[in-house]
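A.B. asks: Position chain Y relative to chain V; hints supplied.
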Amino acid sequence: MRGPAMSGRTVIKVEGLTYSYGPLKALRGVSFEVREGEVVSIVGPNGSGKTTLLKCVMRILKPSGTIYLDGKRLSELGMRDVAKLAGYVPQEHHPVFTYRVIDFVLLGRAPHHSMFSAPSRKEVELCMKVLKSLGIEHLAERPYTSLSGGQAQLVLIARALAQGAKILLLDEPTAHLDYSNQFKVLKVIRELTHSGRVKASIMTLHDPNQAMLFSDKAVLLKDGEVVAVGKPEDVLTPERLRDVYGIEFTALRHKGISIIIPYL
Amino acid sequence: MSRREDVLKALIFLSPVAAVLFSALLGRYPLGPREVYESVLAALAPGLIHSPSRVAEEIVVYYRLPRILTAGVVGAALSVSGAGLQAMFRNPLVSPYILGISAGAGFGAALAIAFLPPNFPVEVTAFAFGVLAFTLTLMIARAGGGEIPVISLILSGIIVTALFTAALSLVKFVAPNPHRLAAIVFWLMGSFANSGWGELSRLTPLVLASTAVLVAMRWRFNVLSLSDEEVKALGINPMRDRLIALSACALATSSSVAVAGIIGWAGLMIPHIVRLALGPDNRVVIPCSAVLGATYMVLADDVARCLTPEEIPIGIITTLLGVPLFAYLLRRASRVWR
Chain V
1 MRGPAMSGRT
11 VIKVEGLTYS
21 YGPLKALRGV
31 SFEVREGEVV
41 SIVGPNGSGK
51 TTLLKCVMRI
61 LKPSGTIYLD
71 GKRLSELGMR
81 DVAKLAGYVP
91 QEHHPVFTYR
101 VIDFVLLGRA
111 PHHSMFSAPS
121 RKEVELCMKV
131 LKSLGIEHLA
141 ERPYTSLSGG
151 QAQLVLIARA
161 LAQGAKILLL
171 DEPTAHLDYS
181 NQFKVLKVIR
191 ELTHSGRVKA
201 SIMTLHDPNQ
211 AMLFSDKAVL
221 LKDGEVVAVG
231 KPEDVLTPER
241 LRDVYGIEFT
251 ALRHKGISII
261 IPYL
Chain Y
1001 MSRREDVLKA
1011 LIFLSPVAAV
1021 LFSALLGRYP
1031 LGPREVYESV
1041 LAALAPGLIH
1051 SPSRVAEEIV
1061 VYYRLPRILT
1071 AGVVGAALSV
1081 SGAGLQAMFR
1091 NPLVSPYILG
1101 ISAGAGFGAA
1111 LAIAFLPPNF
1121 PVEVTAFAFG
1131 VLAFTLTLMI
1141 ARAGGGEIPV
1151 ISLILSGIIV
1161 TALFTAALSL
1171 VKFVAPNPHR
1181 LAAIVFWLMG
1191 SFANSGWGEL
1201 SRLTPLVLAS
1211 TAVLVAMRWR
1221 FNVLSLSDEE
1231 VKALGINPMR
1241 DRLIALSACA
1251 LATSSSVAVA
1261 GIIGWAGLMI
1271 PHIVRLALGP
1281 DNRVVIPCSA
1291 VLGATYMVLA
1301 DDVARCLTPE
1311 EIPIGIITTL
1321 LGVPLFAYLL
1331 RRASRVWR
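Chains as they are written, first to last, in our numbering: chain V, 1 to 264; chain Y, 1001 to 1338.
Next up, chain V with everything else stripped away, as it sits in the complex:
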């Protein structure tokens, strides 16, 4: 199941993105494009700027450089417009209050409301539909705090969909998950994107094999700079990964699938 043709129109364009936390340069001149229907993995070591990059695209951070979301310049969009366009799925959410899952997903409607309005019954139904489409409607009345890691990740995705987001930005969606849940969540992301439910997804990942299995494009980062962009099997080669991570890798091919394994 390879992704759709690479000829779709550009949904996200990042040009010369630079961001610093004080004196620390987190991103230097990052550029890449995401086309309609693509799942893009951002791969790189800790501290290479993966999460910073996502936050810049979400405009949680304000970098220098240019970002286009769905043809519009990000810096010219209001916060609420960005939130209607792109949904950010954080690595994990630390709940203090035990909201029910449906009330939690409903928070995704925030960009559609003013300070003094609250969601309508229709919006509750919309959120129920979103839960149903992810196969987790049975969780609706459960407290968010009682969910397993995999369920919680799906609920966070549901919240982004409830926003009406056309672009998903996922920060390490597989962290904290067991093996089967990692694949479940990645499959959901791929299906949402390839079915056209969302126009594109960008996720940060640690495992190059997951990037090859579940994404149409990979961006390899090192120290805030792009090492390579392109098809995952072209980008995530043993040589490049050795450069980036400082350990040896070897590539195997099995039934047309590339597999990268590290060795010591």
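Honestly, the hints are just simulated from the structure, not real lab data.
Please read these numbers as outputs of a predicted model, since none were measured by experiment.
Beta carbons are placed, not taken as given, at the ideal position from N, Cα and C, and that holds for glycine.
A couple of the hints might just be wrong.
Cβ-to-Cβ under 7 Å is the rule here; a few derived chain Y residues that face chain V [unchecked claim]: (1) Arg1090; (2) Ala1216; (3) Arg1220; (4) Asn1222; (5) Ser1225; (6) Glu1229; (7) Ala1233; (8) Gly1235; (9) Ile1236; (10) Pro1280; (11) Asp1281.
Using 25 Å as the maximum straight-line C-alpha spacing, the simulated DMTMM-like pairs for lysine to aspartate or glutamate come out as follows [to be verified]: (12) Lys62(V) <-> Glu92(V); (13) Lys25(V) <-> Glu1229(Y); (14) Lys132(V) <-> Asp1281(Y); (15) Lys122(V) <-> Glu1005(Y); (16) Lys1009(Y) <-> Glu123(V); (17) Lys25(V) <-> Asp1228(Y); (18) Lys166(V) <-> Glu123(V); (19) Lys166(V) <-> Glu76(V); (20) Lys13(V) <-> Glu1229(Y); (21) Lys84(V) <-> Asp1228(Y).
C.D. replies: Only chain Y this time, still in chain V's reference frame:
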């Protein structure tokens, strides 16, 4: 929403009415229910009903009613502020006094009691210094420029509280005579003994306006209880919303403290009880806290004024009631937070 929750909500919303009707019957001067209610009706519609007696009308309409209603308004203000602050600070242990308001107001009141003529209205300086303390808390928290993280707000609240507590001690130390010192100490323990229609009419618009803002924002508090990054990712400027909600809480709290002194624990306890009974959704917690807080304060003030021949300061009552109840809730309710 289940049936049980609907019934509970209805009970909560009816409770202040019942509490007021009940409390009007209580007092040291013995009056029957009929005398009490006829006095009220006579005051409301003088042409239709004749008041049973001058004394009854005087006691019920000029002493009991304004006091009961003031207690209700203050209870609502403290509880709704507590509920809002707890959601925003993502911490169920935050009280409306966390922003330095009570210490500021206490200092303002002490200043007036110690040095200004006895007929000067203490609430004016109390309110002014309550608001000043809140502003100072914001300024210190914002010293880093731009955004105000929750933790720096809490820390600067602690700093401002410490500052005004020290200043208050200084005022007590240099107070010109022991009577004034006693008056300061009594004021700090909280009381509705001097609440008349005048206080009520000055307090109510401020509390109503700020409560209206908080209740209108009730769903927004669910959003604001997420991390700042998530709030921003949902397209909302957490700073702006937080400043508006904080100002509303500060206004409600300062005006309450100015009228009634420092009454602890209500703002902490009532939102807790509501969350325990009805869940953490602020669409429910915010309005129900306001209403249940009113009931609670009216009943606590009944104890304060009727338990012994001498009035007990209500701050002592609410703390004596609050601490054991809170300890019990803490043991039972760990599931509500984590």
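A.B. asks: All hints are to be evaluated individually against the structure, with a verdict given for each.
C.D. replies: Hint by hint, here is what the structure shows:
no., hint, in the structure
1, Arg1090, "4 Å, holds"
2, Ala1216, "4 Å, holds"
3, Arg1220, "6 Å, holds"
4, Asn1222, "6 Å, holds"
5, Ser1225, "6 Å, holds"
6, Glu1229, "5 Å, holds"
7, Ala1233, "4 Å, holds"
8, Gly1235, "3 Å, holds"
9, Ile1236, "6 Å, holds"
10, Pro1280, "4 Å, holds"
11, Asp1281, "5 Å, holds"
12, Lys62(V) <-> Glu92(V), "22 Å, holds"
13, Lys25(V) <-> Glu1229(Y), "20 Å, holds"
14, Lys132(V) <-> Asp1281(Y), "22 Å, holds"
15, Lys122(V) <-> Glu1005(Y), "22 Å, holds"
16, Lys1009(Y) <-> Glu123(V), "23 Å, holds"
17, Lys25(V) <-> Asp1228(Y), "23 Å, holds"
18, Lys166(V) <-> Glu123(V), "17 Å, holds"
19, Lys166(V) <-> Glu76(V), "18 Å, holds"
20, Lys13(V) <-> Glu1229(Y), "23 Å, holds"
21, Lys84(V) <-> Asp1228(Y), "18 Å, holds"
Checked against the numbered hints given earlier, this structure breaks none of them.
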